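All residue numbers in the sequence shown are consecutive under the UniProt record's numbering, ending with 199.
Just so you know, the hints here were simulated from the structure itself, not pulled from any lab data. From a predicted model like this one, the values you see are computed outputs, not experimental measurements. Quick reminder that beta carbons are idealized off the backbone N, C-alpha and C, glycines included. Some hints could be false.
[What the hints assert, rightly or not] In silico lysine to aspartate or glutamate, DMTMM-like type, Cα no more than 20 Å apart, as pairs:
| no. | residue 1 | residue 2 |
| --- | --- | --- |
| 1 | Lys26 | Glu174 |
| 2 | Lys9 | Glu174 |
| 3 | Lys80 | Glu57 |
[Claimed, not checked] Pairwise CB distance ranges (calculated):
| no. | residue 1 | residue 2 | range |
| --- | --- | --- | --- |
| 4 | Gln17 | Thr112 | 35 to 41 Å |
| 5 | Ala20 | Tyr140 | 26 to 32 Å |
| 6 | Thr94 | Tyr140 | 25 to 31 Å |
| 7 | Leu66 | Cys100 | 32 to 38 Å |
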Amino acid sequence: MKQREILRKERLAARDQLEASQRRSKSEHIQARLLEQPIIHDAGHLFVYVHFRSEVETLRLIEHCLAAGKKVSVPVTLRKESRLLAVQLTDPATQLAPGCFGILEPTAEQITRATIDPAGIEAVLVPGSVFDSCGGRLGYGGGYYDRFLTQDAPQARRIGLAYSLQMVEQVPMEAHDQYMDMLITEQQIYDCRNLREGM
1 MKQREILRKE
11 RLAARDQLEA
21 SQRRSKSEHI
31 QARLLEQPII
41 HDAGHLFVYV
51 HFRSEVETLR
61 LIEHCLAAGK
71 KVSVPVTLRK
81 ESRLLAVQLT
91 DPATQLAPGC
101 FGILEPTAEQ
111 ITRATIDPAG
121 IEAVLVPGSV
131 FDSCGGRLGY
141 GGGYYDRFLT
151 QDAPQARRIG
161 LAYSLQMVEQ
171 VPMEAHDQYM
181 DMLITEQQIY
191 DCRNLREGM
């Protein structure tokens, strides 16, 4: 098994071992750190993943950003095309339903009504399986976010959200893998772009 697959399997297994109360507490710490960041405070349009299984939780974050008057879009997975759509949300409670892979996604009606041009997105919140302090990231193997960040929203700041147990010294990156500009865990904020430039 390749090193990337071993790392992914190990870190996801560790993440899955967190109890629901631990995930909730750690996610709240991550959200608080995130909301302190100028890029989030100043951004008018955020693209936010909807958490699935043991990922850092985001539904409260989405609700907070909407209440603050921000435009929030979330991903829809187009499996046949291997890409993500950005669809605007205004009411997560009524506009989300289980979609591809069982992940909560905008309803068909919302997709028809509110698919947006990702060129206006200012920051993308990115999930993943493994991260390092310089912004290296392993996703889940499909490349959906790598393509979205390069082809659809290259202008957006990339912010990874992870638990500290997902951190490794160095992610074995490949040519198509996209680096994060910032990474936030419950323990620390990493200014990844500056760390890379200082190396």
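Here is how each hint holds up against the structure:
1. Lys26 x Glu174: violated, 30 Å
2. Lys9 x Glu174: Status holds; Cα separation ~18 Å.
3. Lys80 x Glu57: The hint is violated at about 27 Å.
4. Gln17 x Thr112: 35 to 41 Å: Once the Cβ atoms are compared, 40 Å apart, the range 35 to 41 Å for Thr112 and Gln17 holds.
5. Ala20 x Tyr140: 26 to 32 Å: At 21 Å between Cβs, range violated.
6. Thr94 x Tyr140: 25 to 31 Å: holds, 28 Å
7. Leu66 x Cys100: 32 to 38 Å: violated, 23 Å
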